[in-house]
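Once you've looked at the hints, dock chain A against the given chain Y.
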Amino acid sequence: MAQNLLEFRGVSKNYADNQVLHDINIEIKAGEIHALIGENGAGKSTLMNILFGMPVIHSTGGFEGEVCICGEPVKIMSPHDAMEMGIGMVHQEFMLIPAFTIAENIKINREIPKENALNSTMSRIFGERMKTLDFKTMNQDARRALDRLEMSLDEFALVAGLPIGYMQFVEIAREIDKTNTRILVLDEPTAVLAESEAESLLSAMRKLAAEGIAIVFISHRLDEIINVCDRVTVLRDGELVVTKDVKDTNVIEIAELMIGRKVSIGKEDNEAREISDDVIFEIKDLHVAMPSERVRGVDLKVRRGEILGIGGLAGQGKLGIANGVMGMYPARGEVLFEGKPLPLNRTKQVLKSGVGFVSEDRKGIGLLLDEPIDDNIAFTEMSIHGNFLNFLGLCDSKAIRENALKMIKDLDIRCTNEKQHTGRLSGGNQQKVCVARALTQKPKLLFVSEPTRGVDIGAKKLILDLLRSLAQDQGMTIIMTSSELAELCSICDSVTIICEGKVIGTLPPDASPVEFGLMMSGICTSALDSENVKEGEVAQ
Amino acid sequence: MIDSRNDFASRTRAFLTNNIVTIIFVIFVVAGYLSSPGISVSGLLSEVISRFFRNGLLVLALIIPVMAGLGLNFGIVVGALAAVLAIIPVRYFGIGGMGGLLLCFAIALPIALLFGWLTGKLYNKTRGQEMIAGIIVGFFAEGLFLIFVLFIIGGVIPVAAGHPMIIPRSVDGVAVPGVGIRAAFDMGAHATHPVAMRDPYHVPGLSSAMDFLWRIDFTVALFVVALGVIAFLVIRRVMAKKNKAIKKSTKLVFGLKCGFWGLIALLALHGMLMPDGMIFWFPGAGFGFQAPASPIAGTGMIPVVTGLVILVFSLLTTYFTKTKLGQDCRSVGQSQHIANASGINVDRTRIIATMISTVLGAWGMIIFLQNMGTVSTYTAHRQIGMFSVAALLVGGATAAKAGVKNAVLGLLLFHAMFVVSPGVGRLIFGNELVAEATRNFMTYGVIGLSLGLHVWKTRKAAERELSLDAFDPPPPTNGNGGASNGEGGDSSIKEMLNAPSNATADTVE
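From first to last, the protein sequence lines stand for chains Y and A.
Residue numbers are given in our numbering: position 155 of the first sequence equals residue 155, and the series is strictly consecutive.
Residue numbers are given in our numbering: position 279 of the second sequence equals residue 819, and the series is strictly consecutive.
In case anyone wonders, no lab produced these hints; they're calculated from the structure.
Misleading hints may appear alongside valid ones.
[Unchecked claim] Which chain Y residues face chain A? A few, computed with CB under 10 Å, are given here:
#, residue
1, Lys75
2, Pro79
3, Gly127
For glycine and all other residues, C-beta sits at the position ideal for the given N, C-alpha and C.
With the rest of the complex left out, here is chain Y (with noise of 0.2 Å):
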């Protein structure tokens, strides 16, 4: 195993003024597991896209540093390329087609044409592609493939119908089939198995890595990376923090190196704020179909005038629960508001009980872009309440202009004038005109979702301060869901995290790293002996 079979070399790469990867180095041998871990945005992704030669990359500016293969340097400009050199992928979303047979997605585009009479006369008047296909080699190959996997699903049986978890095995099997695949990329694969098929994925891994292929296994599931890895390495905001052998090292260790830590943005009174006990706002086992952000029986209860932060790592499922309650995704579940029922799925009534929204995707579904800024910010108060309308049921612009010019006061949106069109603004100032739209219904309860995503860092601390004082000074209740961990110490009360669509726990703002890199990879410290947790503080 002396030979590094992949190696990063000195990797780093920049999209436009934002260094995403910082001098990576990593070496992978043949037949070992290695895991990489991170947050979202540590640079994970960007890494195998760099491995895969995604267009995103090459379409950029490329990247700097070396990727090697066998510890010669290699070009991988095309994902083509990287299949050639024997590099596999197992996408977190499934390459299957449902209408084929498994054998027929195993041999997708490598299928093996029948050589006879007619074939090889076919062939030299119409090409290659007019070969006919030996569909009883496709099926032994296939077969071959997934017993190496140890799997015994019929070859010749349709994707459509299977279980989800056998999908996984199915794109593993087709990487697998293909003669030179060296090194194998697996993107969360466990996250849509169910424990038993978890684990015989990680059986068939280790299977895998004996017969020599390396295998690079993303994951968030930290005591899956203990149990099946040989060596863990760590990113964080675009930096390598650590490789490790992972006999050295342990679930709290690799919690704390991913998360690392965080400094607070401007927080002012570390005091935790007084709060009463009255409860506003409540879930019981919401189910949300949004995709990739999935919520699987989601209970959550909010005081009145608190910030709760809802944070966990990308496709978790936080960001569903906002818009399963607002009623953007089918939602299964009950949810009451200051002790009344707020009917699932019906947007507009969720929004006249007195509940606001600042959707995450804010160019999709928060702003009408073409549009000025005082219509917009008027929009959903006319269609809720019907203000800003006059007797004739037309709109009322001197009003919508009043508003909007209170609103640019108060918020400090920089605009040339209020009937700019806010695709013009910046996104910090989108963010600020949304924020406006949702103040104008005066809501008791804000949701707010990823509110400085694509905001740069000065405006970042204006809309979590403005968040702040609504809540400090006119009593809001605010529900903030973000990725960034930092700024929901920063502002929030309380921060729950959520993993696999479930709520794993809710902690302190002030709370250790640790705690909180853990239950992000779904290990609930809450049930642990608090003591055991406080010396591990203690000592570092």
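Here is chain A on its own, set in the frame of chain Y:
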């Protein structure tokens, strides 16, 4: 997830919704036939069969684009235009007979390939809207085509004065070369035409050049086809038995199919041997019976070569699906994203599918026109797209799934609808003259209904996929996995926390 509603009622409902178009047409044809006392079985068959051979290849041309996910290729109209463009010079120079027809096929090929390539390019630019683009491209191409046949021919390309195909022009009573092709020109009478037979100097034309090569009686053809199908069924079963891939239920199906085709063969034999019936009398026994006249006798003659051409292209279409290119088409049709990620050149595959379809459309149009005998220069191509699409849909195809079976069944049913429309007009409106309106209503209605149903089903499927139950079935299935998972994690962590935590301290420094 297991579908708990897999009972008889829901299966029946699914069958009805999946085949509603075909069912409507069967009812329409049966009702129309029953209310048309003027139409005999053989009369109906005669009409339907002759239209079947006329339109067969045009409908087959639509199958490959459906497979490649392009939907129904209304753009075969440009193929039809290529066919007319190929026929014009052949007719102009008076080359007739099968040789002339083969020349038409040869000239149409490069033109159709070019048109198909351009159409395919357009389809790649209008992804997701291929069907509308196909309809529009037909209208657009018609404009260019009209400029060509009305102004370029004669205006730019010199033509002979007084040629019968050219719009005549004279100066001071003297014929000079005209400009533009006449609104209609004939394909030239076939050698066996009564007029041609009387004319010793007749030059054979293209009309029925293929149809009249070899004709046999319908009953004979039906007998041969029925025997062929039975032979096919038996061979397939023997092969399947060898591979031991037979399910129990197929035994019954096999028996039923063989029985059905056996009856057809007997019916054909009856028509062949005793078309007018026969009285059997056994004098010794003092016993006898009368066999009735055959209902299918007198259907007419079948163009064998045209039939064989359609058969060959049906087989080629099936063969195509089994090739690498066919498999690529299927992959692209199922998911362009996945096909692309697997390294298939999606755009190129789609263009090839469109080109094949356009060429088949052009050749189909040549067969269509040689059967019709005259070419309406400006309008012949117009209905080709709509009618072919409607015929395919009637056979149970959708914008996402079509096969040779759909084409054959659809051709028969759709043209039976044409024949019985006057009867339905009388039945409903008391007026046979509404037949044209009924035909139009049924033709466009079926396209609208099929496409509407297709969109509805696709949306339903998408909704089902996005719905809560699809990924997160209601309890008790969901709670268990998560809970046990969490516990598993906890215990291992507890152990770890009890262990000395010096490693943690090291790395933070």
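These are the hints, each one checked on the structure:
no.	hint	in the structure
1	Lys75	violated, 18 Å
2	Pro79	holds, 7 Å
3	Gly127	holds, 8 Å
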